[in-house]
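These protein sequences, in sequence, are chains A and B.
So for the first sequence, the working numbering puts the first residue at 1; every next one is plus one.
So for the second sequence, the working numbering puts the first residue at 1; every next one is plus one.
Derived by calculation from the structure, the hints in this document are not laboratory data.
It is possible that part of the hints are untrue.
[Unchecked claim] Distance ranges between label pairs, derived from CB positions:
hint, chain 1, residue 1, chain 2, residue 2, range
1, B, G103, A, Y86, 30 to 40 Å
2, B, G61, A, H56, 34 to 44 Å
3, B, G103, A, K4, 16 to 26 Å
4, A, V82, B, A2, 48 to 58 Å
5, A, G66, B, T72, 28 to 38 Å
6, A, D3, B, A27, 29 to 39 Å
7, B, K78, A, G78, 44 to 54 Å
8, B, A58, A, L125, 13 to 23 Å
A quick note: this is a predicted structure, and the numbers were derived from the prediction, not measured.
Glycine included, each C-beta is placed from N, C-alpha and C at the ideal position.
So you can see what is in the structure, the chains are spelled out below.
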Amino acid sequence: MADKIEKVSVIVSKGSLEGVYPALIMANGARAEGMEANLFFTFFGLDAIHRARHEHIKLATVGNPGLHLATWAGGLPGMSSVMTHYLARKMDRLDIPPIPEFVEMIADSGAGLYACKASVDLFGLAKEDFIEQVRDVITVGEFYDLAAGGEIIFT
Amino acid sequence: MAIKAYAGHEVDVNDEGFFTDPDQWRAEMAPEIAREAGVGELTDRHWQVIECMRGEYAAKGTGPTVRALGKTSGVGVKELYQLFPKGPAKLAARIAGIPKPRGCI
Chain A
1 MADKIEKVSV
11 IVSKGSLEGV
21 YPALIMANGA
31 RAEGMEANLF
41 FTFFGLDAIH
51 RARHEHIKLA
61 TVGNPGLHLA
71 TWAGGLPGMS
81 SVMTHYLARK
91 MDRLDIPPIP
101 EFVEMIADSG
111 AGLYACKASV
121 DLFGLAKEDF
131 IEQVRDVITV
141 GEFYDLAAGG
151 EIIFT
Chain B
1 MAIKAYAGHE
11 VDVNDEGFFT
21 DPDQWRAEMA
31 PEIAREAGVG
41 ELTDRHWQVI
51 ECMRGEYAAK
61 GTGPTVRALG
71 KTSGVGVKEL
81 YQLFPKGPAK
91 LAARIAGIPK
101 PRGCI
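In isolation and in its complexed conformation, chain A is listed as follows (with noise of 0.2 Å):
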């Protein structure tokens, strides 16, 4: 076995911000670090890539007992939003950088970005509802001949 990773493959199938950044930070450290990546969004996760959406993923509040919330207090009007944003301003002061900006960087860093056409199909989707840097809607064969040859990461 190779003692060096060349290529990694992340699916990103969760919509709330803790289920995206970990995929980002695995996609993008993974490019800095000289490997080829691809990154798959599928079900949930085609928010991060969704032109409307991505600016607006948020913390859940609710079902996420690492938040050491009251579940009844994460539930909330409100709750989710102001979570996110405490978190945003943690992020911000980081450098850590908002996902639209963050997604963008990966893409720049040469990345491929993917939908993924059964759930694209599922919510009544289309390419043109994506960020210009989604390189296209692709099959779940498409995703693992481009997957070939290195590691997969699901998130």
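Assemble the complex: chain A is given as a structure, and chain B must be docked to it using the hints.
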């Protein structure tokens, strides 16, 4: 740890080829390190990035990540990857004779 000779001077480098003592670096060593790192001939744009690396390291004690480099060097992220395809921050740091930048973004 190993000892390498660039431009006729011996320098200390780690297993990945990064200088362990940035004071040993001389500008005339850069083309040789670049060739060894697979970057090829250094252009003015490469030098702009390398000088930014040296400056940031001198000021902060650590080299910038790709994102920071894109903001401070005057060379955008896209071009950084064209200049240093196998990792801009990593390669520019190595050519600039500073330790590998540590950062996740």
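Status of the hints after comparison with the structure:
1. B:G103 - A:Y86: 30 to 40 Å: violated, 23 Å
2. B:G61 - A:H56: 34 to 44 Å: holds, 38 Å
3. B:G103 - A:K4: 16 to 26 Å: Holds: the Cβ-Cβ distance is about 20 Å, inside 16 to 26 Å.
4. A:V82 - B:A2: 48 to 58 Å: holds, 53 Å
5. A:G66 - B:T72: 28 to 38 Å: Taking Cβ atoms as reference, A:G66 and B:T72 lie about 34 Å apart, which means the hint holds.
6. A:D3 - B:A27: 29 to 39 Å: holds, 33 Å
7. B:K78 - A:G78: 44 to 54 Å: violated, 38 Å
8. B:A58 - A:L125: 13 to 23 Å: violated, 49 Å
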